[in-house]
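J.: Please work from the sequences and hints to get the whole structure.
For the record, the sequence lines run as chains A and B. In terms of my numbering, the first sequence opens at residue 1 and continues consecutively. In terms of my numbering, the second sequence opens at residue 1001 and continues consecutively.
Take the hints with a grain of salt, since some may be wrong.
[Unchecked claim] Quick look at which bits of chain B chain A covers, simulated, 3 or more residues with Cβ under 8 Å: (1) 1218–1226; (2) 1259–1270; (3) 1281–1295; (4) 1319–1328; (5) 1371–1378; (6) 1387–1396.
[As the list claims (entries may be wrong)] DSS-like, lysine-lysine: derived pairs with alpha carbons at most 25 Å apart: (7) B/Lys1307 to A/Lys37; (8) A/Lys3 to A/Lys37; (9) A/Lys58 to B/Lys1316.
If you're looking for bench data, these hints aren't it; they were derived computationally from the structure. We put the CB at the ideal spot given by N, CA and C, even for glycine.
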Amino acid sequence: MPKVPIERIAQARSGDKGEGSNAGVLARSAAAYAFLKQHLTADVVRAHMAAINHGGVKRYAADNMRVLNFLLEDSLGGGGSASLKTDAQGKTHGLALLRLELDVPQDVLDSVTA
Amino acid sequence: MQRDKKVLIANGQGFWGDSILGPVRLVNEGPLDYLTLDYLAEVTMSIMQKLKSRDPSKGYATDFVALVDRVAPQLVAKGIKVVANAGGVNPHACKDAVLATLAKHGFHGVKVAVVEGDDILADLDALMAAGERFENMDTGAPLSTVRDSVTSANVYLGAFPIAEALDQGAQIVITGRGTDPGLVLGPLIHEFGWTRDDHDLIAAGTVAGHIVECGAQCTGGNYTDWRDVPDMARIGYPIIEAAADGSFVVTKHAGTGGMVTVSTVTHQLMYEMGDPHAYITPDGVADFTSFTLEQEGPDRVRVSGVKGAPPTPTYKVSMSYHDGWKAVGQLTVSGPDAVAKAELCAEVVWQRLALDGCEYAEDERMVELVGAGVCHAGIGAPREPEEVVLRMGVKGPDRAKVDRFGPELVPLVTSGPPGVTGFAGGRPKATEIIGYWPALLSKERVHTQVSVFTS
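T.: Listed below in structure tokens is the structure:
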């Protein structure tokens, strides 16, 4: 199985939520959603984003939209106007998440290029 | 027939600072019943309170008056109604400026409404005495810990006062703080006669409002597959084509750039999402897991089946307070060895400040090497960049100590490693940190008022 960035099988958008951010991940196909729902856990995301997010990670699912939503609880260096960071609003966290590499089965990869 | 009636509601302003071209093009490039405009960010109210304290005729979004000045003839000729939260902390001053602008153009008889009651800054002590604790929704701390530093306090009002203003014949509705989706839900309540008990319909209007509230973020802006987005320069701002049964289509004017697909709309539905099962507004609770999205034609996405639940007994209150000072500055460091030189520069600045008796705690100072993996820290293999932007900052409660930092940054150009440039901004100075304090308030404590004026 090829290790690929999950951008191949998903899209994302992120933004600020108080002192943390949210990163929504939208699967590009039903098969991709099933795969991500199983493998893209809160723990996996927390490890991947460890240098950005210093708090916990919560995951929610919206099956109707093929969306997994991750709350990164301490990712903005204080949040709002208290942050000194360039990305004080977490605008880039979605793309950071899409760079995560996973072992994606060929049939899942094929399901998004069809 | 009411059953077949369709209402077109656009959003032309996604945030404070969005392009004026969005709303100008919306009124010129196709049919429209309503134009909504969002001018308020979390920190905006605090800035507006400060402006108003210096000049009682200020404290609202002057961009809105400039927009009315530019598009007044089209608004009047086409009968387009406008709903804007441009009132800030001084909606009557905003209304007066809009009326004066309409009069300047010779338009008389245009009704302009003001929705107020959101500003509770002057009532805070009385409300606290009456038992409201205004605990911070994130930390649980009582407001008393920062009460003396509070600079603004506003309730997020719902959509019904907006509908009431439209019921009274207003063509332009000016509000202060309200929910963003309420700008769209208000006109829907007015047009279709929805009631507070129509929980699914209220939720549908809320979802519609959420989709368009950030302007072009649902029509191809900030989209993962950005290469697929056509004609980004002329990106179309979003339009909701709504029906009385709560179903609606997200679209944009024909011939504009960008695109409306299930994917671009879902991108925006994910924005600022918390628990998708419960999107709470003062008008109700929308379930973002309940509905279906389908592409029914080019640049047309239909949303149907939205489910909702009754509203909670509280309003959300957004407060700001003085939370100290910060200063941030930057220099550019070229290669060779840009990263190593920039790291040395940062260390030199901290050491020189320490020599002068000025040390900052770890959580009160920041160094970024922009270009060497800042936004995506810790992700991907590091590569040596051609140059980096050295960005440094400090913060804390002591303004003098924060201000001491700035003068030690620029001297690196002559007393640091070679290849340091880009100091055009001058010395960084201390600016105020505006803290954000979200809290809840019992609904019965809040009294909204709608008044209508005529140009």
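J.: Provide an ascending list of the numbers of those earlier hints which the structure does not satisfy.
T.: Of the numbered hints, all hold.
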